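Colleague: Starting from the structure of chain A, add chain B with the ligand where the hints point.
Here's the letter readout for the chains.
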Amino acid sequence: MRKLITLTLLAGFVFAASVAFAHTPLCSCFDNGDGTVLCEGGFSDGSSAAGVKMYVKDSSGNVLLEGQMSENSDFEFDKPEGDYTVYFDAGEGHVIEIPGSKIVE
Amino acid sequence: MKRIILALCLTLLTAVPAFAHFQMVYTPEIALDEGTDLNMKLVFTHPFEAGHTMDMAPLQEFYVISQRGEAAEPKKTDLMEYVEKITWTSLTNSGAAYEAKLPRKVVRSMGDYVFVAVPGPYYEEEEEIYIQQITKTVLNVGGLPGNWADPVGLPTEIVPLDKPYANWTGGVFRGVVLSEGKPVANADLEVEFMNHPPVEGKNEFQKEAIAEAPHDAFVTMGIKTNDRGEFTVGIPHAGWWGLCALGTGPQTEHEGKELSQDAVLWFKAVDMK
Ligand SMILES: [Cu+2]
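Chains as they are written, first to last, in full-length UniProt numbering: chain A, 1 to 105; chain B, 1 to 273.
In isolation and in its complexed conformation, chain A is listed as follows (with noise of 0.2 Å):
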């Protein structure tokens, strides 16, 4: 019995490893050219970003703007004036920060 129990552990703790690692979160945003920005989300293992926070911070750390992926794992949003930075937030270790600079269309 305490054999079973310590394989069912063993084999969650695996299944819960490899799901972290499955996870890797990734965002990538472009310029559309209009004024607008769009970003989109998802994980390395193809599942869907639909909710992650997204966050506009201006270059000392003022949040421009906020909101969340959408059920298609976009956020589109104007382009503010001046330096800013992208965060897709899905969580401690799972936070991507993308500078405006690097945004091109």
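Since the hints were made in silico from the structure, they are not lab data. Heads up, a few of these hints could be off.
As the list claims (entries may be wrong) - The calculated label-pair distances, taken between Cβ atoms and stated as ranges, are:
{"id": "1", "chain 1": "A", "residue 1": "D45", "chain 2": "B", "residue 2": "T77", "range": "23 to 31 Å"}
{"id": "2", "chain 1": "B", "residue 1": "R104", "chain 2": "A", "residue 2": "G82", "range": "24 to 32 Å"}
{"id": "3", "chain 1": "A", "residue 1": "D74", "chain 2": "B", "residue 2": "T92", "range": "47 to 55 Å"}
Only a predicted model underlies this, so the values are computations on that prediction, with no experimental measurement involved. A virtual CB, placed ideally from N, CA and C, is assigned to each residue, including glycine.
Modeller: For chain B with the ligand alone, kept in the frame of chain A given last:
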């Protein structure tokens, strides 16, 4: 099957090495960090020897089916507007081929891109048959998977069971051969290594070979699918590998002659270092 036998006969008679036809849909990198402009080359040739390049018949279709994430809907984009005729130079001749200069907007999003080329049937004079190789090449942007494992719905196709853009040298590559959506048991597959990769920026193969075949049988390796239409090949070297399922398509005749409707799939391997 007839093609292999005829090729062997020709070999015995004329001592021309036996090699297989492969429709290439080539671009140097298929595991991309981010979307970019792409230059794809569509060449009908014998990739191990970089030998005789056939004049492609007019291209019937060239499109891509892309999908971002597993839950998303696949999107089909026609690419014929980007296609232009080129002349491809092999080690022994030149032939009519195509290239497609795809702007970044086509391959901008993360996810999988399954490129499909449907060439017109090519008439092989020596064998008096037509050959049509419906070809797939799968590319990924940003590491987010999508539709790489989904059948496209082609008359015949090789559906990968391993990501065609993420393979280490020394691993294996598996797939299933389909004809009208159903697995083909005991299908003949030819496997060939792209031994003289294209020279970047030019419409030609590099002169130097990567590997040497100790025997003609190693130029084009032959494997068969099992009773479920599946196959596995090992990957002994980094680079491009072509897989061709011979005559698995439903169409067997074109303009009164025999037609071999084949399914081709390319995959790429890289060294672990
Ligand atoms: Cu030939």
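Colleague: Does each hint hold? Answer for all of them.
Modeller: For each hint, the structure was consulted:
About 25 Å separates the C-beta atoms of D45 (chain A) and T77 (chain B), a value consistent with the hinted range of 23 to 31 Å. For the pair R104 (chain B) and G82 (chain A), the supplied restraint of 24 to 32 Å holds, since their beta-carbon distance comes to about 26 Å. Roughly 50 Å separates the CB atoms of D74 (chain A) and T92 (chain B), a value that falls within the hinted 47 to 55 Å.
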